[in-house]
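Chain order of the listed sequences is A and X. So that you can map any letter, position 29 of the first sequence is 29 in the working numbering, and since no number is skipped, the others follow by simple counting. So that you can map any letter, position 62 of the second sequence is 62 in the working numbering, and since no number is skipped, the others follow by simple counting.
Rather than coming from a laboratory, the hints here were simulated on the basis of the structure. One or more of the hints may lead you astray.
Put simply, identical chains are the same to the list, so a pair is met inside one copy or across any two.
Here are the simulated DSBU-like cross-link-like pairs (lysine-lysine), alpha carbons at most 30 Å apart as the crow flies [as the list claims (entries may be wrong)]:
id	residue 1	residue 2
1	K58	K87
2	K16	K58
3	K58	K106
Here is how the chains run, residue by residue.
Protein chains: 2
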Amino acid sequence: MNYDEPFGCSVTVTLKVIGGRWKPIILFNLLENDRCRFNALKRMINGITQRMLTMQLKELVDDGIIRREVFDVVPPHVEYSLTDYGKTLTPLLMLMRDWGAEHAEKAKLSVKAK
Amino acid sequence: MNYDEPFGCSVTVTLKVIGGRWKPIILFNLLENDRCRFNALKRMINGITQRMLTMQLKELVDDGIIRREVFDVVPPHVEYSLTDYGKTLTPLLMLMRDWGAEHAEKAKLSVKAK
DNA sequence: TAATGTAGTATCCTTTTATATACTGCAAAT
DNA sequence: ATTTGCAGTATATAAAAGGATACTACATTA
Numbered sequence: 001m002n003y004d005e006p007f008g009c010s011v012t013v014t015l016k017v018i019g020g021r022w023k024p025i026i027l028f029n030l031l032e033n034d035r036c037r038f039n040a041l042k043r044m045i046n047g048i049t050q051r052m053l054t055m056q057l058k059e060l061v062d063d064g065i066i067r068r069e070v071f072d073v074v075p076p077h078v079e080y081s082l083t084d085y086g087k088t089l090t091p092l093l094m095l096m097r098d099w100g101a102e103h104a105e106k107a108k109l110s111v112k113a114k
Numbered sequence: 001m002n003y004d005e006p007f008g009c010s011v012t013v014t015l016k017v018i019g020g021r022w023k024p025i026i027l028f029n030l031l032e033n034d035r036c037r038f039n040a041l042k043r044m045i046n047g048i049t050q051r052m053l054t055m056q057l058k059e060l061v062d063d064g065i066i067r068r069e070v071f072d073v074v075p076p077h078v079e080y081s082l083t084d085y086g087k088t089l090t091p092l093l094m095l096m097r098d099w100g101a102e103h104a105e106k107a108k109l110s111v112k113a114k
């Protein structure tokens, strides 16, 4: 990968963990709902495929952001929730949401101004 | 694009503006150096190609994050610098850098622990 | 008996992002 | 006279991310 910039590098690490199309939405849902089952998340997140959800959840688990608890019953029951470590992302996610909302507003206005 | 999630959507907007391999590095260099010429940035950012730098700078200009000033001399002289609006990203970039640095540390430790 | 819900895999395809390489035209320095 | 620096563009390709569709096995419900 060859990232030898001291600053950009660390930001890139953060982007790898929370970036992409689906991870922020997953994390916000887990912030709001405490614990969620797989299909509950799938219903909440409009347009996500099972494959994408599985992949993103696995990455978040591997990074220690969320935990995956399996209840050994049939039919299968799996619950996802934020770890304490994952919760340290909360202020960051909030800031990103707020900045994005403002920027979207600004961008809309500048289009209208044309 | 069909992003209809109120939260994830805004975060995604932010990711579009500052995400990717090069934009954070570019922004940190502009935070530290106030104003930079094209080739100065190219020298500072290890491994970037001219094309990538051109593209990322153009996107940042289009989003209103940085400004591009052309001095009409020969050979060409162009300076890039953060706009006031771009500077509103500073706390966010700092938070992302700090979280990423800590996470990289944590991840390294957990690999050692194996 | 057929459909629905559970939590996923497997395979293939498209879109986006990133990289490599060559080229421009002009001026100053070597 | 050739090289270097300036700020890019053009074209082609490689790699990564994201998506569509079909499939698994078991149990409950209609």
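Now the hints, each set against the structure:
Within a single copy, K58 and K87 get their C-alpha atoms as close as 17 Å, which meets the 30 Å cut-off; across copies the closest is 35 Å, which misses it. For the identical chains of this complex, K16 and K58 are neighbours both inside a copy (13 Å) and across copies (23 Å), given an alpha-carbon limit of 30 Å. For the homomeric pair K58 and K106, the shortest alpha-carbon distance between copies (18 Å) is at most 30 Å, but the shortest distance inside one copy (35 Å) is not.
Figure legend: structure checked against the earlier numbered hints; every hint is met.
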